[in-house]
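Taking the hints into account, I'd like the entire structure generated from these sequences.
From first to last, the protein sequence lines stand for chains A and B.
As numbered in the working numbering, residues 58 to 246 make up the first sequence, in order.
As numbered in the working numbering, residues 5 to 379 make up the second sequence, in order.
Derived by calculation from the structure, the hints in this document are not laboratory data.
Hints may contain errors.
[Unchecked claim] Computed Cβ-Cβ distance ranges for the label pairs, DEER-style: (1) B:Gln244 to A:Ile201: 54 to 62 Å; (2) A:Leu222 to B:Gly285: 20 to 28 Å; (3) A:Glu195 to B:Gly285: 31 to 39 Å; (4) B:Gln239 to A:Lys200: 56 to 64 Å; (5) A:Arg115 to B:Asp249: 55 to 63 Å; (6) B:Pro88 to A:His217: 37 to 45 Å; (7) B:Ile188 to A:His217: 23 to 31 Å; (8) B:Lys134 to A:Leu219: 51 to 59 Å; (9) A:Glu89 to B:Gly212: 43 to 51 Å; (10) B:Ala243 to A:His217: 55 to 63 Å; (11) B:Glu200 to A:Ile220: 42 to 50 Å.
[As the list claims (entries may be wrong)] Here are the computed lysine to any residue pairs in the SDA-like style, where the Cα-Cα straight-line distance is at most 25 Å: (12) B:Lys284 to A:Ser112; (13) A:Lys122 to B:Glu359; (14) B:Lys10 to A:Glu89.
Only a predicted model underlies this, so the values are computations on that prediction, with no experimental measurement involved.
Ideal Cβ positions, reconstructed from N, Cα and C, are used throughout, including at glycine.
Residue strings, one per chain:
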Amino acid sequence: MTEEIIIAGFGGQGVLSMGKILAYSGIMQDQEVSWLPSYGPEMRGGTANVTVILSDERISSPYLKIVDTAIILNQQSMDKFEESVKPGGILIYDPNGITHHPTRSDIKIFQIEGTKLATEMGNKKIFNMVILGGFLKEKPVIKIENVIEGLKKSISERYHHLIPLNLEAITMGMKNIVPYKVAEPVLQH
Amino acid sequence: MMSELKLMKGNEALAEAAIREGVDAYFGYPITPQTEIIEYLMTERPEKRTGMVVLQAESEIAAINMVYGAASTGKKALTSSSSPGISLKLEGISYLAGAELPAVIVNVVRGGPGLGTIQPSQADYFQSVKGGGHGDYKLYVLAPASVQEMADFVEDAFDIAFKYRAPVLILSDGLIGQMMEKVILKDQKPRLTDAELIEKYGDWAITGKKGRERNIITSLDLQSEKMEARVHRLQKKYAQMEKEDLRFEKINCEDAEYLLVAYGSSARISQKAVELARAKGIKLGLLRPITLFPFPKQALLELADQVKGILSVELNAGQMVEDVRLSVEHKVPVEHFGRTGGIIHTPEEIVAALEQKIINNGSFRHHKTRESSIL
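Next up, the structure:
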């Protein structure tokens with residue numbers, strides 16, 4: 058099994074740390090993992106993205122153009138990464154701030170109101186965990202107990218009391234991810 | 005401490021491996037994309053773990069000369085930087101080679117020339133293997149292609165540096181330095197005492213001349229015959245490196261009809277290109293030089309009898325391709341493919357370049373041009 062994921066959004070949304078939790082969780086179930094950030098000038102104000110690969114085999118390229126799953130968290134990333142999903146792959150996005158919704162009909166598309174749900178839960182910082190929950194619902198590539206172990210490894214010990222809150226956010230995401238139906242193209246005569 | 009499994013950035017893994025190798029001193033100056041090395045070393049407080057000195061120098065030039073000083077006393081000395089910073093260190097590197105001092109230099113390459121970009125690049129190939137600094141010297145150059153190799157090559161680099169009393173370069177890039185992968189770290193080694201150093205590597209360093217003639221460390225020899233002897237001694241070392249310490253990896257080469265040659269990050273991406281090409285029915289292999297000097301000339305020459313064409317894949321405008329061409333002695337067409345400016349080529353682009361430049365007509369055109377030029 059190999060799962061290739063691009064997570065893309067604004068710097069500060071927790072894109073890189075969400076990738077790190079995925080990578081650590083992969084290690085917890087004895088998988089090979091790679092985590093490749095965009096560390097460029099992009100990070101300052103624009104988009105931040107990370108490519109995470111989880112695999113049962115040795116990972117060749119950590120840098121990919123085409124992936125199994127794209128998790129898209131802002132419009133710039135939608136413009137850039139909608140095309141990067143393999144036919145038959147998955148695109149998950151938060152509609153918050155999205156003006157041009159995805160249009161591809163050869164992939165599965167899901168919406169998750171991560172921003173709204175995290176705000177309702179009273180802690181915007183758990184936004185990325187809500188999104189992660191949605192991803193794990195549609196792609197159960199990691200067992201939840203390994204996610205907990207991954208969380209323990211990737212966040213510093215003084216924040217370990219927040220793990221239950223993170224799990225709550227993951228559950229919230231799992232419950233609230235919904236399929237998105239692409240608008241039918243208007244036939245022109 | 006037992007060897008352990010961690011998720012680390014390439015830069016961090018290299019820094020941790022340096023502590024565990026028993027390195028005596030690190031001197032450096034921050035620059036993206038290698039700053040995590042000095043950052044990690046500062047945070048880890050290795051002076052408390054092993055007594056290792058970690059110092060942020062006032063400049064790259066100061067750092068390399070501190071390495072010269074520490075290496076003169078037989079200590080394991082390390083420095084790291086990225087491309088523009090390495091350019092500043094080149095005078096010192098030439099002096100290290102001239103004075104026959106062991107030291108390890110790490111270049112986490114970014115795009116150039118000039119200040120260029122902070123994104124990954126392999127445009128320092130020429131600088132690394134064709135001198136860079138002045139004089140008749142070479143660096144032993146290791147090119148890691150994974151976070152694990154960023155860690156492992158620290159030990160390998162110091163072994164070579166002390167075996168030959170010569171500076172060794174670890175040539176990485178922003179992609180390998182910044183990415184995280186699983187890494188298994190080795191156990192802590194003790195730092196060598198002067199007595200252990202002398203026992204293991206001979207009595208050449210400045211360790212205090214009690215009961216012996218003084219040792220002189222210099223790269224200056226105004227007597228021509230002596231200087232020529234020194235140059236010959238260096239060349240003998242390089243010949244021995246080619247014989248004893250060449251490293252490369254062949255991937256899917258057994259039945260290959262076409263070949264990619266790539267090192268470091270490009271080798272990782274090329275490996276995926278090999279998978280994609282084979283899924284399309286193209287019998288593609290990959291030769292990955294692990295050392296860039298020494299270069300796997302013989303392996304390439306042998307593969308040239310087997311394959312129909314070779315594509316050298318590098319994150320630059322075409323540098324290693326020259327050494328590939330020299331190695332295969334014009335037996336098969338050799339072309340270059342690579343992106344620059346901090347853009348990383350995708351596996352799909354590599355396969356497309358192979359098809360366009362080598363498989364389809366391109367190769368025949370190449371041959372015809374050569375024949376017509378002979379006529």
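Would you list, in rising numerical order, the hints stated earlier that this structure does not obey? Numbers 2 and 5 - these are the hints that the structure violates, sorted from lowest upward.
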